[in-house]
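Number of protein chains: 2
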Amino acid sequence: MERVRCKKLIDKIMSADEAAMFIKNNSIVGTSGFTPSGYPKALPAALARRVENGENIQIDLITGASVGPELDGILAQKGIIRRRYPYQTNPDIRNSINSGKIKYNDIHLSHSAQYLKYGFLGQIDTAIIEAVAITEDGGIVPSTSVGNSNVIVECANKVIVEINTWQPQELEGMHDIYSTSNPPLRKSIPIINVCDRIGTPYIPCNPDKIVAIVFSDITDKTNKVAEIDHNSKLMAENLISFLKAEVNKGRLPKDLLPLQSGVGSVANAVLGGLCSSEFSNLYFYSEVLQDSALDLMDCGKLVSASATSLTISPERLDDFYRNISNYKDKIILRPQEISNNPEIIRKLGVISINTAIEADIYGNVNSTHIMGSKIVNGIGGSGDFARNAYISVFTTQSIALNGRVSSIVPMVSHVDHTEHDVMVLVTENGVADLRGLSPKERAELIIENCAHEDYKKMLWDYYISAKNKTNNSQTPHILREALSWHERYLETGSMK
Amino acid sequence: MERVRCKKLIDKIMSADEAAMFIKNNSIVGTSGFTPSGYPKALPAALARRVENGENIQIDLITGASVGPELDGILAQKGIIRRRYPYQTNPDIRNSINSGKIKYNDIHLSHSAQYLKYGFLGQIDTAIIEAVAITEDGGIVPSTSVGNSNVIVECANKVIVEINTWQPQELEGMHDIYSTSNPPLRKSIPIINVCDRIGTPYIPCNPDKIVAIVFSDITDKTNKVAEIDHNSKLMAENLISFLKAEVNKGRLPKDLLPLQSGVGSVANAVLGGLCSSEFSNLYFYSEVLQDSALDLMDCGKLVSASATSLTISPERLDDFYRNISNYKDKIILRPQEISNNPEIIRKLGVISINTAIEADIYGNVNSTHIMGSKIVNGIGGSGDFARNAYISVFTTQSIALNGRVSSIVPMVSHVDHTEHDVMVLVTENGVADLRGLSPKERAELIIENCAHEDYKKMLWDYYISAKNKTNNSQTPHILREALSWHERYLETGSMK
Numbered sequence: 002m003e004r005v006r007c008k009k010l011i012d013k014i015m016s017a018d019e020a021a022m023f024i025k026n027n028s029i030v031g032t033s034g035f036t037p038s039g040y041p042k043a044l045p046a047a048l049a050r051r052v053e054n055g056e057n058i059q060i061d062l063i064t065g066a067s068v069g070p071e072l073d074g075i076l077a078q079k080g081i082i083r084r085r086y087p088y089q090t091n092p093d094i095r096n097s098i099n100s101g102k103i104k105y106n107d108i109h110l111s112h113s114a115q116y117l118k119y120g121f122l123g124q125i126d127t128a129i130i131e132a133v134a135i136t137e138d139g140g141i142v143p144s145t146s147v148g149n150s151n152v153i154v155e156c157a158n159k160v161i162v163e164i165n166t167w168q169p170q171e172l173e174g175m176h177d178i179y180s181t182s183n184p185p186l187r188k189s190i191p192i193i194n195v196c197d198r199i200g201t202p203y204i205p206c207n208p209d210k211i212v213a214i215v216f217s218d219i220t221d222k223t224n225k226v227a228e229i230d231h232n233s234k235l236m237a238e239n240l241i242s243f244l245k246a247e248v249n250k251g252r253l254p255k256d257l258l259p260l261q262s263g264v265g266s267v268a269n270a271v272l273g274g275l276c277s278s279e280f281s282n283l284y285f286y287s288e289v290l291q292d293s294a295l296d297l298m299d300c301g302k303l304v305s306a307s308a309t310s311l312t313i314s315p316e317r318l319d320d321f322y323r324n325i326s327n328y329k330d331k332i333i334l335r336p337q338e339i340s341n342n343p344e345i346i347r348k349l350g351v352i353s354i355n356t357a358i359e360a361d362i363y364g365n366v367n368s369t370h371i372m373g374s375k376i377v378n379g380i381g382g383s384g385d386f387a388r389n390a391y392i393s394v395f396t397t398q399s400i401a402l403n404g405r406v407s408s409i410v411p412m413v414s415h416v417d418h419t420e421h422d423v424m425v426l427v428t429e430n431g432v433a434d435l436r437g438l439s440p441k442e443r444a445e446l447i448i449e450n451c452a453h454e455d456y457k458k459m460l461w462d463y464y465i466s467a468k469n470k471t472n473n474s475q476t477p478h479i480l481r482e483a484l485s486w487h488e489r490y491l492e493t494g495s496m497k
Numbered sequence: 002m003e004r005v006r007c008k009k010l011i012d013k014i015m016s017a018d019e020a021a022m023f024i025k026n027n028s029i030v031g032t033s034g035f036t037p038s039g040y041p042k043a044l045p046a047a048l049a050r051r052v053e054n055g056e057n058i059q060i061d062l063i064t065g066a067s068v069g070p071e072l073d074g075i076l077a078q079k080g081i082i083r084r085r086y087p088y089q090t091n092p093d094i095r096n097s098i099n100s101g102k103i104k105y106n107d108i109h110l111s112h113s114a115q116y117l118k119y120g121f122l123g124q125i126d127t128a129i130i131e132a133v134a135i136t137e138d139g140g141i142v143p144s145t146s147v148g149n150s151n152v153i154v155e156c157a158n159k160v161i162v163e164i165n166t167w168q169p170q171e172l173e174g175m176h177d178i179y180s181t182s183n184p185p186l187r188k189s190i191p192i193i194n195v196c197d198r199i200g201t202p203y204i205p206c207n208p209d210k211i212v213a214i215v216f217s218d219i220t221d222k223t224n225k226v227a228e229i230d231h232n233s234k235l236m237a238e239n240l241i242s243f244l245k246a247e248v249n250k251g252r253l254p255k256d257l258l259p260l261q262s263g264v265g266s267v268a269n270a271v272l273g274g275l276c277s278s279e280f281s282n283l284y285f286y287s288e289v290l291q292d293s294a295l296d297l298m299d300c301g302k303l304v305s306a307s308a309t310s311l312t313i314s315p316e317r318l319d320d321f322y323r324n325i326s327n328y329k330d331k332i333i334l335r336p337q338e339i340s341n342n343p344e345i346i347r348k349l350g351v352i353s354i355n356t357a358i359e360a361d362i363y364g365n366v367n368s369t370h371i372m373g374s375k376i377v378n379g380i381g382g383s384g385d386f387a388r389n390a391y392i393s394v395f396t397t398q399s400i401a402l403n404g405r406v407s408s409i410v411p412m413v414s415h416v417d418h419t420e421h422d423v424m425v426l427v428t429e430n431g432v433a434d435l436r437g438l439s440p441k442e443r444a445e446l447i448i449e450n451c452a453h454e455d456y457k458k459m460l461w462d463y464y465i466s467a468k469n470k471t472n473n474s475q476t477p478h479i480l481r482e483a484l485s486w487h488e489r490y491l492e493t494g495s496m497k
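Chains as they are written, first to last, in my numbering: chain A, 2 to 497; chain B, 2 to 497.
Simulated from the structure, these hints should not be mistaken for laboratory data.
Misleading hints may appear alongside valid ones.
Identical copies go unnamed one by one, so any copy, or any two together, can satisfy a pair.
Cut-off 25 angstroms, straight-line C-alpha distance, at most; resulting in silico cross-link-like pairs (BS3-like, lysine-lysine) [claimed, not checked]:
# : residue 1 : residue 2
1 : K250      : K104
2 : K470      : K497
3 : K8        : K118
4 : K302      : K102
5 : K468      : K104
6 : K468      : K102
With the hints as extra help, turn the sequences into a complete structure.
Printed below as a string of structure tokens:
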């Protein structure tokens, strides 16, 4: 009971099955959860039981970003999700999306908050928010992520709080909740330094809006972090050499500028590479903090880190929770509208490092689709950061599927980041610094520095024929051949 | 002499031919000029004469945006430009770019300023700035555009001022010059309302940096505005109906939010359509003000307009200059780093309206390239606005070249605005409101509401086969056919 400090809410405590009755068929449900952290876990199971018992329930599900199997997984399996925004990574839901069963719109993560506040996605009926506590006044203290939770609480008709006792109460104090007004009443966001606190440590909520409080005790299903492989190490080295050279040219301060990194093992490895670099006094202004952030704090190189989600690997989590007091004053968890806000990213001069599925010779990046048609995850926050960064870097291994796929192609099969937003491309083979270059100069550099040896000649052949056939035009393409590598893969299983 | 009020600079007045001697071979030259307004006109001619007289001169040319024939035209003809940033519209330079003679990198216009300040494009040697006057302290009062002029003056080794006596001195007082610091010292930009003035009415400049002052008396070569044709009228009506419906749904205030519009006759016609609408108390926070802004001020509907350039048609210009006092306190001209700044666009909640060359059925927009390879102009500021807008609208006529080209295609041949950044598509046939829709829902709406009758069946055929062949995946494409319409056009002169 110490977790529910608002006395008038004590009588709202009930079972998940009782609370799940508040969710209406054909309604919009918004939940906490970001990069599977801090999402509700007991309520979705109870909702699924209603369907197992014969009810027909269909909902639109809006979250911060990706959530775990207890939410996206089970609801997709039971056919409960009709629409899904703004990001997902769960295999069950991905399959339902790629077979047309679920309507999915992946949205820039910073935009998703204002889409809700502007009313573009309809009226949220029920909010389900995982929390570690409720304050005396009904304020909701989030757990391992903030995401869109504050906006969902603000916009929803009613709120269900799921208090997860597995999440330590010491998380309280880490969050900084601030919400922008809608135009024309919006003001500047008063963050000037990474560690500025501008809001409250809880999500403000009128207690009358809270219709149910449910207790759970279920772990976040964060992803394992793979061992750092040879290629990830090379990518980290290439990136660090590039950053060093920028400092030497006077184009970056010696302690760099705040860093952002995408999510995943490679991103984690690349950031982790900073541990053994000469850089220190680092700051992260990112979306997600992975194990590498803790490593960099442990070795004294990371001063402060701002994000909207903590996604610490299962292996590392116990240690983190045991020593949380060592990290607490170095970490700020913000709403994704703020962690990913273009105003702040541009003001702070963030160096953004995101992962590409494939890049083309002119510097366009695909980060969402396989062979043009099938979505993997979604654009997430990569566009928020890449577009507004001081320097936007994309990393990818030069080949995939044991070399049957080249990650450098004549034309990407789907564009998420245009040639205008990709400044630097890094693979295990090298770096292509594309700033200020014409498309043809970019092509020559990308092929030479980034592509895999097995595909270099094919890329040069395409590029040179395209130049000849288009009379050396600005961005030479042979449209009949531009996507032929992908076609060949679909037909033969290899781009070769 | 009254235009040069800084006494110590009087002896820097010289002929254009003398001043042109300050320009070095192999140097970077930055000039004023934006959407052919306020660019230097006498200096480039003098530079061209040096080349006619046998000198070999090659420069990198950086401007605000497009400039007229006296700058881009003549220098391209004489082969003087080696590299060009960040935007152009001149036929001579376009041909040189599309035949590989000039290296061109089109850059988001708001990014171009920071690229210069961060040092990403190299050291500017000479700035050439068209002005209407120089203040007592050496401050440069720009003429009809600000563009990157303040940043170019800030970064250049030396400055040449071209005082154009054709430009009325009454322009003084219209400008508001503010420059951001580089990270990590950058602050919030204190604009909260469209008409907030936050800077100086001149470009601050140490007079010792000014090496030459030249007088000229040459008109801006702004573009004629075409008569409003039937389709432009329909597009304007469609857009206004959409905006009315948004107000009725409570998703926009009744006086709308600040408007931005791209440049050109169609954009001008679409904005002009507001004159006969029920909307009033309008504000523009835009990049360029065309005749439509004056029309809306004349009919009392436009309260205030902020931009970086005035591009008034030749037919309208005399009248504007005669009555400039009626308009002066309603217009603010800002640096393009500010007029196009994501922080302010998002803060104010700008409604952006930009022009597409083509859009695909999933909502991706091409605004730069013809048939994938040849560039037309460049991305300009469309990305700055579309990405950060409250609502981002793209307009295009459904067909081009008398119907031989469909502006709605299965897959665009070049992507400048991804599916994530295009909220509403408007053609003469109707409106597709894409917000919150899955790619397949978008396709159905775009084909049904926006495409031309002559191409609807072909688009449905492609879309349905793609759905079937990809098992109804997220974004169905048949890669072999996706660009076949463009191929057919290149081979037969028609997409049909």
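Status of each hint after checking the structure:
{"no.": "1", "hint": "K250 to K104", "verdict": "between (48 angstroms within a copy, 24 angstroms between copies)"}
{"no.": "2", "hint": "K470 to K497", "verdict": "both (23 angstroms within a copy, 23 angstroms between copies)"}
{"no.": "3", "hint": "K8 to K118", "verdict": "neither (30 angstroms within a copy, 56 angstroms between copies)"}
{"no.": "4", "hint": "K302 to K102", "verdict": "neither (47 angstroms within a copy, 48 angstroms between copies)"}
{"no.": "5", "hint": "K468 to K104", "verdict": "between (41 angstroms within a copy, 14 angstroms between copies)"}
{"no.": "6", "hint": "K468 to K102", "verdict": "between (43 angstroms within a copy, 13 angstroms between copies)"}
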